[in-house]
Amino acid sequence: MSIVERPASPGDPSGRGAAFHSPPGGAELGIVEPLIFEASRRDRRAVRFPKASAHAREAGQDQPDLPASVLRTRAPRLPEVSELDLLRHFNRLAHLNYAIDLNFYPLGSCTMKYNPKVNEWAARLPAFAESHPLDPDALAQGSLALEWLLAELLKEISGFSAVSLQPAAGAQGELTGLLMARAYHRSRGQGEQRSKVLVPDSSHGTNPATATMVGYSVVTIPSNERGGIDLDALRAALGPDAAALMITNPSTLGIFEDQIDQVIAAVKQAGAIAYMDGANLNAILGRFRPGEAGFDVMHFNLHKTFSTPHGGGGPGAGPVGVSERLAPFLPGSLATLADGDPDEVRRNAWAGRSTPGARFALEADRPESIGRVRMHTGNFGMFVRAYTYIRSNGAAGLREISDDAVLAANYLRVGLADAYDLPYDRICKHEVVFSGRRQKRQHGITTLDIAKAILDAGVHPPTIYFPLIVEEALMIEPTETESLETLDRFIGVMHDIAQRAVEDPESVKRSPVSTPVGRLDEASAARRPDLRHTFAQDGD
Amino acid sequence: MAYSPHTDADRERMLAAVGVPSIDGLFDDIPQAVRPTSFEIPPPLVEQEVRGELARLAGLNRIPEVSFLGAGAYRHLIPAVVWEVIGRSEFATSYTPYQPEVSQGTLQSIYEFQSLICELTGMEVATASHYDGATATAEAALMACRLTRRDRIAISTAVNPQIRRVLATYCSGPGIEMVEVDADLAEGGSGLTPVEVAAGVLDDGFACLVAQQPNFFGGIEPMRELGDAAHAVGAQLVAVVEPVSLGLLAPPADYGADLVAAEGQSLGIPLSYGGPYVGLMAAFMSAVRQMPGRLVGATHDVDGRRGYVLTLQAREQHIRREKAASNICTNQALCALAATTYLTAVGPKGLAEVGELSTVQARHAAASIERAGLGERRFSAPYFSEVAIRIPDAERRHAALVEQGIVAGHPLWRDYPQLADTLLLAATELTTDQHVERLVDALAATK
Numbered sequence: 001m002s003i004v005e006r007p008a009s010p011g012d013p014s015g016r017g018a019a020f021h022s023p024p025g026g027a028e029l030g031i032v033e034p035l036i037f038e039a040s041r042r043d044r045r046a047v048r049f050p051k052a053s054a055h056a057r058e059a060g061q062d063q064p065d066l067p068a069s070v071l072r073t074r075a076p077r078l079p080e081v082s083e084l085d086l087l088r089h090f091n092r093l094a095h096l097n098y099a100i101d102l103n104f105y106p107l108g109s110c111t112m113k114y115n116p117k118v119n120e121w122a123a124r125l126p127a128f129a130e131s132h133p134l135d136p137d138a139l140a141q142g143s144l145a146l147e148w149l150l151a152e153l154l155k156e157i158s159g160f161s162a163v164s165l166q167p168a169a170g171a172q173g174e175l176t177g178l179l180m181a182r183a184y185h186r187s188r189g190q191g192e193q194r195s196k197v198l199v200p201d202s203s204h205g206t207n208p209a210t211a212t213m214v215g216y217s218v219v220t221i222p223s224n225e226r227g228g229i230d231l232d233a234l235r236a237a238l239g240p241d242a243a244a245l246m247i248t249n250p251s252t253l254g255i256f257e258d259q260i261d262q263v264i265a266a267v268k269q270a271g272a273i274a275y276m277d278g279a280n281l282n283a284i285l286g287r288f289r290p291g292e293a294g295f296d297v298m299h300f301n302l303h304k305t306f307s308t309p310h311g312g313g314g315p316g317a318g319p320v321g322v323s324e325r326l327a328p329f330l331p332g333s334l335a336t337l338a339d340g341d342p343d344e345v346r347r348n349a350w351a352g353r354s355t356p357g358a359r360f361a362l363e364a365d366r367p368e369s370i371g372r373v374r375m376h377t378g379n380f381g382m383f384v385r386a387y388t389y390i391r392s393n394g395a396a397g398l399r400e401i402s403d404d405a406v407l408a409a410n411y412l413r414v415g416l417a418d419a420y421d422l423p424y425d426r427i428c429k430h431e432v433v434f435s436g437r438r439q440k441r442q443h444g445i446t447t448l449d450i451a452k453a454i455l456d457a458g459v460h461p462p463t464i465y466f467p468l469i470v471e472e473a474l475m476i477e478p479t480e481t482e483s484l485e486t487l488d489r490f491i492g493v494m495h496d497i498a499q500r501a502v503e504d505p506e507s508v509k510r511s512p513v514s515t516p517v518g519r520l521d522e523a524s525a526a527r528r529p530d531l532r533h534t535f536a537q538d539g540d
Numbered sequence: 001m002a003y004s005p006h007t008d009a010d011r012e013r014m015l016a017a018v019g020v021p022s023i024d025g026l027f028d029d030i031p032q033a034v035r036p037t038s039f040e041i042p043p044p045l046v047e048q049e050v051r052g053e054l055a056r057l058a059g060l061n062r063i064p065e066v067s068f069l070g071a072g073a074y075r076h077l078i079p080a081v082v083w084e085v086i087g088r089s090e091f092a093t094s095y096t097p098y099q100p101e102v103s104q105g106t107l108q109s110i111y112e113f114q115s116l117i118c119e120l121t122g123m124e125v126a127t128a129s130h131y132d133g134a135t136a137t138a139e140a141a142l143m144a145c146r147l148t149r150r151d152r153i154a155i156s157t158a159v160n161p162q163i164r165r166v167l168a169t170y171c172s173g174p175g176i177e178m179v180e181v182d183a184d185l186a187e188g189g190s191g192l193t194p195v196e197v198a199a200g201v202l203d204d205g206f207a208c209l210v211a212q213q214p215n216f217f218g219g220i221e222p223m224r225e226l227g228d229a230a231h232a233v234g235a236q237l238v239a240v241v242e243p244v245s246l247g248l249l250a251p252p253a254d255y256g257a258d259l260v261a262a263e264g265q266s267l268g269i270p271l272s273y274g275g276p277y278v279g280l281m282a283a284f285m286s287a288v289r290q291m292p293g294r295l296v297g298a299t300h301d302v303d304g305r306r307g308y309v310l311t312l313q314a315r316e317q318h319i320r321r322e323k324a325a326s327n328i329c330t331n332q333a334l335c336a337l338a339a340t341t342y343l344t345a346v347g348p349k350g351l352a353e354v355g356e357l358s359t360v361q362a363r364h365a366a367a368s369i370e371r372a373g374l375g376e377r378r379f380s381a382p383y384f385s386e387v388a389i390r391i392p393d394a395e396r397r398h399a400a401l402v403e404q405g406i407v408a409g410h411p412l413w414r415d416y417p418q419l420a421d422t423l424l425l426a427a428t429e430l431t432t433d434q435h436v437e438r439l440v441d442a443l444a445a446t447k
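As given, the protein sequences belong to chains G and S, one line each in that order. In terms of the numbering used here, the first sequence opens at residue 1 and continues consecutively. In terms of the numbering used here, the second sequence opens at residue 1 and continues consecutively.
Hints were generated in silico from the structure; no laboratory data involved. Cβ coordinates follow ideal geometry from the N, Cα and C atoms, glycine included. Be aware that a few hints might be false.
Counterexamples of contact, computed for chain S against chain G with all Cβ distances above 10 Å [said to hold, decoys possible]:
1. 40
2. 180
3. 393
Under the rule of at most 20 Å between Cα atoms (straight-line distance), these lysine to aspartate or glutamate pairs were calculated in the EDC-like manner [as the list claims (entries may be wrong)]:
4. G:196 with S:322
5. G:440 with G:506
6. G:155 with G:421
7. G:51 with S:47
8. S:349 with G:324
9. S:349 with G:85
10. G:117 with S:437
11. G:51 with S:322
So, partial list: chain S residues that the calculated Cβ filter (under 7 Å) puts toward chain G [claimed, not checked]:
12. 1
13. 45
14. 48
15. 54
16. 63
17. 66
18. 81
19. 348
20. 392
21. 440
Okay, chain G solo, but in the shape it has when bound (with noise of 0.2 Å):
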């Protein structure tokens, strides 16, 4: 089975190539869907554009020319194709993609669950979408206000005090976060004593990568046998100089910190920052709210936990959650409720109505806010689609969400224990690692050629060698919208390739085989880049 059903080009004869016949050009073996450049003839047109009139062109003689110095003197080389090679061109390159829409994506640690539709119907409502993000409050009523519920339902699911919904990503949540941490120990007199940023082994590059650019130093904090942060090496790391522990939970490895409660007791004990990285947050809404359990801060992934699409890898958004102690430093550009009574707005718009005098503005900065993380207040189209998400669920199908992630990465534990290796064998939350290390060494099987040979079976391999601290990982995430069939049948997979690695590991290596291509030489793409296309009269 493969993912969609491709003719063999003609020409080639391994069955691989585009969905269907490509234009004169694209079909000998060897190109599987030409560049947009290669279909390029010279004064094809798609787009058409009106012409000034001769009005608007005399008015406006009097205005300063743009001198000849400034001007191009050779137009840019963008294609020239009509709107249905266009389509055409991108519609076959959409052929040649997986996605969630077509089966089973479970990618570790990306959460990619169904991604409902009736969301993009209302992100793309004009009265939204032709939003200017500069127009004035009274013009923009609407976007302030589906702003300001957005970040009272993420308060409530997270049980923190002032949420901002600046940040674009999950790293830059990060960013945010560090960056308040920081402000706050400044503002009492520790900015220099507190230098560091503590990190558990398990966690996401990005915390790292995040701790230097804030000018941290990062100190790595071991797990235990169990899977967990060990406390006794978190202990000894808080010293005086520790600024924040950066904590993903539930962990990368899809444990929930038994002991969470003891690990921010700890931190605050230390008068360092307790971060979470909200991440994993698919697995515990209604059950732990990170916020009131005494964490500082987190981001929430949108695209993640509330279900806007990845896009191929973005845009998402990466709102952060703060406590009191950190909510003067919150950046820029947030959605207030000018005029009106907060709960009464609050109950209205949970019934579908308006409330008459309820005025929504953009507060001024805050006078020790850490500043902006980006323009105007973020990514508003992944908010309306957020919104849209939570106010589908309600608190019971937000409970029911986690409650059938979490069941069904534990389903699929037991499903697969005894055909791969489990590092950590106990109650896992919404996704589960196991390790190809006995594939590896008792039959040279690594943990990418399983994932290859998944993608023969028509599936999207788990996130695989994360975390670093699980050999040959496999990072599995099912995520609540797939049904038991589904699981099933991946089951099945997972025992079919484990079985075809004792008997016939060649043709286990040999995969993928049914792909649009087959493996990729990422080492000689990395040793002699090629970034860009190159035109045949680049040169002359």
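Given the coordinates of chain G, assemble chain S onto it according to the supplied hints.
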């Protein structure tokens, strides 16, 4: 749950397999002391109801009938075919192309995007995109610091204030000093960045000079001379550009830019109250190993077929952790795809036409206001599609026009106290003669 596939029977079967009596048994590891005491989320809504709620909120927005608002975000035509492409599930619901064999669509489209940005800017390498123009500028400035091993940045005050604020935040992280170069905002001034002022600020402690073309006021900066001033002290020129203008204006490589950053919203991305947008960044190959963010490269598969992969990942956080060039993890792939589709749809002629129409209407609007005696251009320099105009009693009149559904540009006095009564008016190809007429008539009526 709104999107659950599970029946109660499914759940029973799964619980039995896992060997726990109830769902609660899966959460025993959460300490009692930290379990939630509240979870007050409103009840679930079915599609019909949630549509009603979103339509209610959207209905509170008022999209102006006539708007001359730009200031870094622009209302352009988004061709229907662009919406069609970015709406495709295979692009929208895929993730980072970690498995290149099943991600050639995303990877090739990013390679095309990188190629298009190189072609527009004249540079040799462009990243797969950044969060927005401001973060792209900030990352470019920090990259200049790494390249030159210097820790001061000069930036013209004629650069978009929002970009400057974000740059200040990013500089505050590693402790980079940001020094402003005052643009000529005096009465009768050019509204540009004076080369001698820039040269006076710069010395061999500076990593770069950041200047914008066209600048925040729409003015055409002396970029070549500013670049010369930077290069004279071994600093780099970071050019912040508007991609639509590059259909007509010289590419930054021609005037000596070392790094280019831009907001790409104009390229087929909806205003959407400020995001998601897309940041563009381009450089020369000699600097590629210091570039932040994702890069896609061409290669070949085991049978010699052309294919594309994420490459030079040794710069990135998931490999290098605390030694990475940036913490950036995602790009804005779907927005980059919109830009790729847009640039393909309009082509070189269309992009030039958009730039020309915008310029014609900006000139039309400025001249009409001046001729009616309602205001005057605040600066003397030639401008592109945006122009600063002083209009007596501007704050009151701007507010009065908003009441009529007309946004008479962006009030400049909020960020520039010395630009009292000055509005920044932007035109695009969607600006019509009637829009200009209505603006002028409405301003006249508020005298």
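Are the Cα atoms of residue 440 of chain G and residue 506 of chain G separated by 20 Å or less? With a Cα-Cα distance of about 13 Å, the restraint between residue 440 of chain G and residue 506 of chain G holds, given a limit of 20 Å.
Run the distance test for residue 196 of chain G versus residue 322 of chain S: straight-line Cα separation, threshold 20 Å. With a Cα-Cα distance of about 12 Å, the restraint between residue 196 of chain G and residue 322 of chain S holds, given a limit of 20 Å.
Less than 7 Å between beta-carbons is the criterion; does residue 63 of chain S satisfy it with respect to chain G? holds (5 Å)
Residue 117 of chain G and residue 437 of chain S: Cα distance at most 20 Å? violated (41 Å)
Does the interface hint hold: is residue 54 of chain S within less than 7 Å of chain G, judged Cβ to Cβ? This interface hint holds because 4 Å falls under the 7 Å limit.
So, as I understand it, the hint says residue 81 of chain S touches chain G; can you test that by seeing if any CB pair is closer than 7 Å? holds (6 Å)
For the pair supplied as a hint, residue 349 of chain S and residue 324 of chain G, confirm whether the alpha-carbon distance does not exceed 20 Å. Status violated; Cα separation ~55 Å.
Minimum Cβ distance from residue 66 of chain S to chain G below 7 Å? violated (12 Å)
Closer than 7 Å between Cβ atoms is the bar; does residue 348 of chain S clear it against chain G? Give me holds or violated. holds (4 Å)
Closest C-beta approach of residue 48 of chain S to chain G relative to 7 Å, hint status: violated (10 Å)
Non-interface claim for residue 40 of chain S versus chain G (Cβ beyond 10 Å): Residue 40 of chain S is in fact no farther than 10 Å from some Cβ atom of chain G, at 6 Å.
Keeping to a limit of 20 Å between CA atoms, is the pair of residue 51 of chain G and residue 47 of chain S held or broken? The given pair, whose Cα atoms are some 43 Å apart, is violated under the 20 Å limit.
Taken one by one, the earlier hints fail for this structure at numbers 1, 6, 7, 8, 10, 11, 14, 17, 20, 21, listed in ascending order.
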